[in-house]
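Asks: In order, the protein sequences belong to chains A and B.
First residue of the first sequence: 2, per the working numbering; consecutive thereafter.
First residue of the second sequence: 339, per the working numbering; consecutive thereafter.
Think of the hints as simulated: they come from the structure by calculation, not from any bench.
Just so you know, not all the hints are guaranteed correct.
Just so you have them, the derived chain A footprint on chain B, three or more residues with Cβ under 8 Å [as the list claims (entries may be wrong)]:
#1 513-523
#2 596-605
#3 701-708
Have a look at the derived ranges for each label pair, beta carbon to beta carbon [what the hints assert, rightly or not]:
#4 S318(A) - D750(B): 31 to 41 Å
#5 R644(B) - G286(A): 55 to 65 Å
#6 N436(B) - N327(A): 53 to 63 Å
#7 R482(B) - D317(A): 47 to 57 Å
#8 I358(A) - V474(B): 55 to 65 Å
#9 F512(B) - L145(A): 40 to 50 Å
#10 I358(A) - S600(B): 22 to 32 Å
#11 G286(A) - V474(B): 43 to 53 Å
#12 R482(B) - D144(A): 31 to 41 Å
#13 D63(A) - S757(B): 33 to 43 Å
#14 P320(A) - A764(B): 43 to 53 Å
Quick caveat, the model's predicted, so the values are computed rather than measured.
Think of the CB as a built atom: it goes at the ideal place given N, C-alpha and C, for glycine as much as any other residue.
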Amino acid sequence: MKNSLRKFSRGTGLSAAVLGVSALVLSGCGAPPAEESAGGGASAEANSDYLGCIVSDSGGFDDRSFNQSSYEGLKKAEADLGIKINQAESQAETDFGPNVDTMVKGGCNLTITVGFLLADTTKEAAEANPESKFAIIDDNSIDLPNVKPIIYDTAQAAFLAGYAAAATSETGKVATYGGINIPTVTIFMDGFAEGVDYFNEETGGDVQLLGWDKESQNGTFVGNFNDAAAGKTNTQNFINEGADIIMPVAGPVGSGTLDAVTEANAAGKDVKAVWVDSDGYETAGKAEEFILTSVMKLMGGAVEDVISTDVEGTFDSTPYVGTLENGGVALAPFHDQEANVPADLQTKLDELKDQIISGEITVESAASPK
Amino acid sequence: MTPQDDRPVPPATDGGAPLTRRQAKDTARQDEVRLENAVETAGGELPPPAVPAPAGTAAAPESTLLQRIMTGNALVAFLSVVLSLILGGLLIALTDPNVARASSYFFGRPQDTLGAAWTAASGAYSALFQGSVFNVRGESFSQRIYPLTQTLTVATPLICAGLGVALAFRAGLFNIGAQGQILIGATFAGWVGFTLHLPAGIHLLLVILAGMVGGAVWAGLVGLLKARTGAHEVILTIMFNYIATNLVLYFLSTPAFQRPGSTNPISPQLDATALYPPLLGSAFRLHWGFVVAVLATVFVWWLLNRSTVGFELRAVGANASAARTAGVNVSRGYILAMAIAGALAGLAGVAQVSGTEKVLTSGVAASFGFDAITVALLGRSSPWGTFAAGILFGAFRAGGVAMQASTGTSIDIVLVVQSLIVLFIAAPPLVRALFRLPAPGAPRAGKGGTTTRTPASTGAAA
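This is chain B alone, in the form it adopts within the complex (with noise of 0.2 Å):
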């Protein structure tokens, strides 16, 4: 248990040994390979280790389904990204005006409608860029970083209701969820701060607090449920989060959550104590909700890895049956890792009401609780994997608004992208048949593969 035996395996020619070696180990020994694999990824955007990572895929042979969508390798998840941005492009380049007009003349000036693909889809991408991360064209330092802080803004719901999810992942539950513990989560954040009048500071804590209760009470529910009466937790969340959907439909059509003298479905603003506040000053609009998400992803980082609790909790989420005969109480696990999830995605609603929105609205939850799963998916369940699969889809998001409005191109090609990265993670045989890497734990036929590579497969496959 040296920590050498930790690192990511060695340059593909001599990676035969240490590959026999590591499947001589323990599962539970896998999972922490895994986790420091994850935590590795964590500072750019999911940077590919020189091979494929053998932790996590040696495992899979054994593992379920849903495990395996969870611990996808970093390649996997880096090519994933990079495929739905081609395919993204090359939808970008084949609904462009110019190139639907271009390529009626195709054959007598190919040159015409390449081109004008080329312009469509490296234009976009342009504009994506400079809308989510730097503006070449800003005046000053502050306009070129601002599409950067539009980015960290947008993130910091998706951080927070991700981490809830990948942490739910982690416990082996499913959690579809996030979406209806975000708005109750808002609903109860959004109600503290407008009905209640309060000094500065108490009050936004109190609306921090009352965000996550309103989401733990939610997701509670859930977890209680399964664990006194075994209905599972996909159908369960789905349904509850119907079940808020329309809830705040009816609290915003009643007077207590709508604006004296208005019956039109919008809150009140809430006070100015009980807003986040801006964290570069007030020409951003990023906020000091950014710094609790990433409170946020260290605690969850410590409770996964450093305490008992968190143990317990991949414990119920590895073989809730083997953690049920070491002695884990796997019901209290089940109520406890939905709670917390629901507390997270509760400050995913306390960033949108008391952050950016600044009124409670039925659709003051975006989309943000179903992307939230794809950055869970994307970040492979690990917090800091999390955190930079957020502001990975926050510079998506925040990028789209600026792409539409430069180009025209439309925003939809966004989801597109996003939905095509989910479809690629959940089937990396489909990624690596693409890309030509070798599957774990099977030997392959040379035919792909490149020389360099072969002893690396069939060392995965001894």
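Okay, chain A solo, but in the shape it has when bound (with noise of 0.2 Å):
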């Protein structure tokens, strides 16, 4: 055993220092920094005893969806108000648990929990430090002093996006699928579905949505979030029923309908996306020309906000609900599809988005929050 110690400890040796030189040779030739570095510019010290926190769901915060805006949302904040942040990334829910606890015990003033499926960890975290405050993305269930639900009506923005996805198709149909059927997914497809018929009731047209039955809250769903070739061959389905529009609402499953979008255009189709949560066109990171619009659901917002009334000693544990008035929610410019849609898409649209601002126009959905 001593031996083979010996000679591990050697063959190591090696195999790191060729592994290092390797890397090195190519970029080590800069000039070191001088030795001493003071600390940070001026901001970072503004609010530098505060510790704001964010505990993931198993999605992680490269999922660039509501885990990677919600985090960007707390990066924002440690730039704008010097705040120092702490995050943890959970593989799993039985992580929740832990990572919540060390967040907490290591002193964290406000920890902003993602997604519902915290929700008990949460409330018991908060039900246990009455001192530490909480913030609870997606979910409104717990009602106590110290956590902040932010949860937002998704439908008003997905309202726009169905009405414009309906004045934009040429072939009269359009479509839509989920990850899996949950109210977070299904209130995006409620409000698109509503944008639909909204459309054909004023207009007298007739087009059709495929994947998602408003009245039976059934559709086309995935499964998961994460079967990127089940988002294409689903999307391929869309394209070959003769739609023209589709929203994916699926997460990182999403980037299978741009590819299946791109391989239609190809082909000499005219096929476009809807994107969700961040705005496609500066996020996806491929097929922006066919994006039509996105709906955007602006975490990233919220989170500073919460941080920010938080370090001003304003919190309070009135449930944030993002909506179209207040900017938590949005629709996307078309950017590059500009050209393509109705010429007073956009004043319309402008109009709608009043109308459901002044309640005028009331969107329903079985998962919009009450």
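Work from the hints to combine the two standalone chains into their complex.
Replies: In structure tokens:
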């Protein structure tokens, strides 16, 4: 054993050196900085004793969806408010408890928990630590003085997307599908369906929606949030059935839709996608030219707001509901698709938006926040 | 057949004679020795014997790949863990932003890079240790041992499911289906836990029973299909995993499994009477499920080594045709092995819904079903080896959370280390080559081996 250990250290020393040299020889020629470097800039000291933390759900902070945008909100708060931040990524649901626990014990002033699956854990931690503050995204079940629910009436923005899709469609068929049949997904699909219906009523058109039946609350679902290949197959099926605008509500699975849409366009069809959560034109990383618009859920802003109220000492536990009115949800610009949409569509959408805000049009979804 | 013969081989210098003697024994004998060695590694985290244990390796040349993977010797398992930790450390160092920054002026001041690399890797591992075994910065005794209790908590489902996988391995069945079995077990247990409202004691017993039945039925079906139709259990269990996952998702979309007034796919909390009581008071998450896991380990040890059923299962695993000729009912063996394996995985599901999570969700099984395969492999399919491996993996998981929070090292590094362990265990020749260990049953050129070890290797070859 001793012998093998000795060999072992010699062996690893060598391999470490080889690895190190190969990595460094390419880039190791810069000049070293001065020995002493002073601490951060002025802003970093303003609230540097405030610690804001975040615990992801099992999607992780790179999910191009709500974990990521919430995390970006926290990062923005770090830059703007000069607070310190800490984050814990959950690999699985079993990590929720330990992660939240670690954050609270680590002295977090405010802990953001992302997703309704963390509700029980958050509630338990909030009850046990009344002096710590919490904010939970996409859940409105906790009623405690130190927990701020952050929820979104996404149906309002999805309504606009549905209207825009119906107005733009040339085949008279649009489609949507989801990751899993859960309220935070179906609220997009409900809003989209209402927007299509509204267009039909208003113009006497007959645009069909594939993939979602608002009455029965049932439709096409991939069954998870990671199988992009299934997203591609679904999209191809919709295209074959004649749909020319498809909205995937399935996080990373949506990239399968973009692949299918790109292929269909290469084959001469005119097919577009509607992105969700963030402005796909900026975040999807591909097929931007085929993204008609995006239903945006701007979590970053809400996260930063909650933190800044707590930093200022005005934290309250009233739920934050993101709407078109307060800019928590919004429809993204058409970007490259500007030329392909009907000329007066943007004006019409602005009108609809005002009508929704004034309450003239109500967008109903079984999943809407109550 | 004296007990002395079962001891590990004495120091290498006089190892030739016992090896030769041992080689004369029949395969069943080797199996006994292997078991004995497995039991002897139980206490700690697989402490290595003085020399490579020859018992398992002596049988290697004639056995199948699967058997070799399952019965690779303890030293290889231990070295695999060490090697994986070292590679993981390198990875931590190479991906650390401070190291990257310092490496841009490596030739200007190399000590910065090396120092940063050391700080990154040692910091991460010390956080891993403090998050899984002993928190040196804790203010009270309970705070100091809190990490250890976390490790045992996470280890509980791993041990239960790992035992199931190990037991099936021993019966010659590659059970990939622990994930599905945990899920179905958790579903059964959870349903009993939040739907029925019974007095304390009976309720928990029923929950445990329901979980075991759920897992046993799910896995027993696989055994039945294999026994009746000859369908391969690997394919069956993988497919059953998909079915289980989607079945649970479906259940969670029905009102019977949802909270009143909510359509989220999350069940109501289990009744307090259906939960495992905390083992060390409410300050710790450790629950009585751990004791159940210990009892399960004892049971599996007894079953495999002391019971007729266990002997038959091992006989089926060693050679199904020979077992059939000898009068063992192989079909029954398959069904029974899978059913027991499933019941053990079901216990892991109970540990989740009734111990830590207290609700049923689609992710309640985490990745324990797949980690269990690694645990069983690392534990060399022996009950106490699996137990130790389960605790090691529990430590990785519990420590990973602390490591991530205090050093910012991604928790995914734990997954990388775990995967590397599997890789190395599945490739014993690679580990042996890296550490210049003698290959089993093959004469070696003296190039790498030291003189003291040469007699042992030639002895093994003789």
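Asks: Could you see if the CB distance from S318(A) to D750(B) stays within 31 to 41 Å?
Replies: holds (34 Å)
Asks: With respect to the beta-carbon atoms only, verify the hint that I358(A) and V474(B) lie 55 to 65 Å apart.
Replies: holds (57 Å)
Asks: Holds or violated: the 33 to 43 Å window for the beta-carbon distance between D63(A) and S757(B)?
Replies: violated (19 Å)
Asks: Do P320(A) and A764(B) keep their Cβ atoms within the hinted range of 43 to 53 Å?
Replies: holds (51 Å)
Asks: Evaluate the given range 22 to 32 Å for the C-beta pair formed by I358(A) and S600(B).
Replies: holds (28 Å)
Asks: Could you check the hint for me, namely that R482(B) and D317(A) are 47 to 57 Å apart, CB to CB?
Replies: Since the Cβ atoms of R482(B) and D317(A) sit about 38 Å apart, the hinted range of 47 to 57 Å is violated.
Asks: Against the range 55 to 65 Å, how does the distance between the Cβ atoms of R644(B) and G286(A) compare: consistent or not?
Replies: holds (60 Å)
Asks: Taking 8 Å as the C-beta cutoff, is the stated coverage of the segment 513-523 of chain B by chain A satisfied by three or more residues?
Replies: Answer violated; 0 residues pass the 8 Å Cβ test.
Asks: Regarding G286(A) and V474(B), is the given constraint of 43 to 53 Å on their beta-carbon distance met?
Replies: holds (44 Å)
Asks: Check, residue by residue, whether the segment 701-708 of chain B contains three or more positions whose beta-carbon lies closer than 8 Å to a beta-carbon of chain A, and give the verdict.
Replies: holds (count 5)
Asks: Could you see if the CB distance from F512(B) to L145(A) stays within 40 to 50 Å?
Replies: holds (48 Å)
Asks: For the pair R482(B) and D144(A), does the Cβ-Cβ distance stay inside 31 to 41 Å?
Replies: Holds, at about 36 Å.
Hint compliance for this structure: hints 1, 6, 7 and 13 are broken, all remaining hints hold.
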